[in-house]
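Undergrad: The lines below spell out each chain.
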Amino acid sequence: MSVLSDPDVLQRISDATCTAVRDAEIFLPGDVKDRLKHALEVESSPVAKQELANILENICLAEERSAPLCQDTGIPVIYVTIPSSVAWSGEMEEAVYEGIRTATREIPLRPNLVDPLNRENTQTNTGLSMPPVHVKAGDRFTITVLPKGAGSENVSDIRMMNPSEKGLIPKFIVETMLTAGGRPCPPVILGVGIGGTFDIAASLAKEALLEPVDAMSPCEQEICDQVNRLGIGPMGLGGDTTCLAVKVKTAGCHTASLPVAVNIQCWAARRATVEVAL
Amino acid sequence: MLGREKSNRGGSSVKHLKTPLGDEILDLKAGEVVTLSGVVYTARDEAHIKILESGFPFDPKGAVLYHCGPVIQDNQIVVAGPTTSARMNNLTGFMLDSGVRGLVGKGGMSSKVRDELKGKAVYFAFTGGCANLAAARMTLTGVHYADLGMAEAVWEIKLDKLPLTVAMDAHGGDLFAVVEEHAHEVFQGMYPTSTTEI
Numbered sequence: 001m002s003v004l005s006d007p008d009v010l011q012r013i014s015d016a017t018c019t020a021v022r023d024a025e026i027f028l029p030g031d032v033k034d035r036l037k038h039a040l041e042v043e044s045s046p047v048a049k050q051e052l053a054n055i056l057e058n059i060c061l062a063e064e065r066s067a068p069l070c071q072d073t074g075i076p077v078i079y080v081t082i083p084s085s086v087a088w089s090g091e092m093e094e095a096v097y098e099g100i101r102t103a104t105r106e107i108p109l110r111p112n113l114v115d116p117l118n119r120e121n122t123q124t125n126t127g128l129s130m131p132p133v134h135v136k137a138g139d140r141f142t143i144t145v146l147p148k149g150a151g152s153e154n155v156s157d158i159r160m161m162n163p164s165e166k167g168l169i170p171k172f173i174v175e176t177m178l179t180a181g182g183r184p185c186p187p188v189i190l191g192v193g194i195g196g197t198f199d200i201a202a203s204l205a206k207e208a209l210l211e212p213v214d215a216m217s218p219c220e221q222e223i224c225d226q227v228n229r230l231g232i233g234p235m236g237l238g239g240d241t242t243c244l245a246v247k248v249k250t251a252g253c254h255t256a257s258l259p260v261a262v263n264i265q266c267w268a269a270r271r272a273t274v275e276v277a278l
Numbered sequence: 001m002l003g004r005e006k007s008n009r010g011g012s013s014v015k016h017l018k019t020p021l022g023d024e025i026l027d028l029k030a031g032e033v034v035t036l037s038g039v040v041y042t043a044r045d046e047a048h049i050k051i052l053e054s055g056f057p058f059d060p061k062g063a064v065l066y067h068c069g070p071v072i073q074d075n076q077i078v079v080a081g082p083t084t085s086a087r088m089n090n091l092t093g094f095m096l097d098s099g100v101r102g103l104v105g106k107g108g109m110s111s112k113v114r115d116e117l118k119g120k121a122v123y124f125a126f127t128g129g130c131a132n133l134a135a136a137r138m139t140l141t142g143v144h145y146a147d148l149g150m151a152e153a154v155w156e157i158k159l160d161k162l163p164l165t166v167a168m169d170a171h172g173g174d175l176f177a178v179v180e181e182h183a184h185e186v187f188q189g190m191y192p193t194s195t196t197e198i
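Protein chains in written order, with my numbering: chain A, 1 to 278; chain B, 1 to 198.
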């Protein structure tokens, strides 16, 4: 555990976090871009074609201007994998927060984090027990950032179903998007968490948004097709593509429970991973 | 003012509009793709309230309001994507009565606004999240009510062919409402409420 409080390691964690935030905010992942390009190719509605062309042009311009893709730069949700040679510490978590504060100043990001009741802004995108840092064992020491915007977060949903209602899961997912309509800035990606406890289902749904969207299981594809049949289209203006992908993650649950969470992600499905050198 | 040319994107004919807008907007139909050039004024919740209390800091005749809280740095527009228009649902009637002929935002507006637009004005949808595309087609030309703060002040912005969709026209046409109604019908077909669930 020689690296526990090594100041160099803490600095490298901050730097890696800052780089991951910057990469995520400016460069959309290739698999998401490919799905958007495909959506434009197959779209039949002229309005939807224009919306998708605008989105693709905006993605190019963000890269050219080194500016965030969207003005809602989100809450930076953090996922860490850590090898067995390293012990996670409070200092390391603080180093992650320092990286977020640096990114907020330098990119710059919109300060989005406020007290839930008095609505005072912390100005740093950190503080008040936020953002969450999820730590898991892994082969490499990596920091992943998923900046989550509010438009799509606000129309996400969770339901504690009865175990006998398993067959109603697809309906719940499609209905969540029907209710959301154009508000989450479609085309969306739907992260679905099935099982766990109330909180784990929501965590799984968000983790599902880290999965690449270039492949879906037959079940995920079927739900994606159903959502697209709704015809909500890009920005709710109608069209063939409402949903780019559905990604499902599951965990065990209580024999009397069936928690299902749907986390909606706007077209700006931002995520980036940076390795911390040891 | 109105121009027309063949678009190289959507493949259909695109109308080019220029502010201040006049009666040409009465010919627009929900679902049409257009571009908008000329000066527009940003206005969110606070700006609407301030205008109601203290009056317009610009001539509202033929004016276009952009529902947007931009990020401005050194008198330059950094990002300026549209905000959710529905927050201004109950603050819009006075604007339209005063001569405003265009609204730009995202997500559409209420059936009350749909009625208020009749014979007067149109609502244009601009693609949500496209903050860079917006900034690349905009030049900052002035500011009013700067004391409201960056997000809420009335920024005077010159547009250069911003690509928009006519989402609500001056005759009750509402693309968002049509799409929503259709989505509910399709859902009802997929999951009829009358059948036994499970």
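Among the hints, a few may not be true.
To be verified - Going by beta-carbon spacing under 8 Å, a handful of chain A positions derived as facing chain B:
| no. | residue |
| --- | --- |
| 1 | Gln50 |
| 2 | Asn58 |
| 3 | Ala62 |
| 4 | Tyr97 |
| 5 | Arg101 |
| 6 | Pro111 |
| 7 | Met130 |
Note that these hints are calculated values from the structure, not bench results. Note that the structure is a prediction, hence the values are computed from the model and not measured. Ideal placement from N, C-alpha and C gives every residue a C-beta, glycine not left out.
Undergrad: Next, verify each hint and record whether it holds.
TA: Going down the list of hints, with the structure as the test:
no. : hint   : verdict
1   : Gln50  : holds (5 Å)
2   : Asn58  : holds (4 Å)
3   : Ala62  : holds (5 Å)
4   : Tyr97  : violated (23 Å)
5   : Arg101 : violated (18 Å)
6   : Pro111 : violated (11 Å)
7   : Met130 : violated (21 Å)
Going down the numbered hints, you'll see the structure goes against 4, 5, 6, 7, while the others check out.
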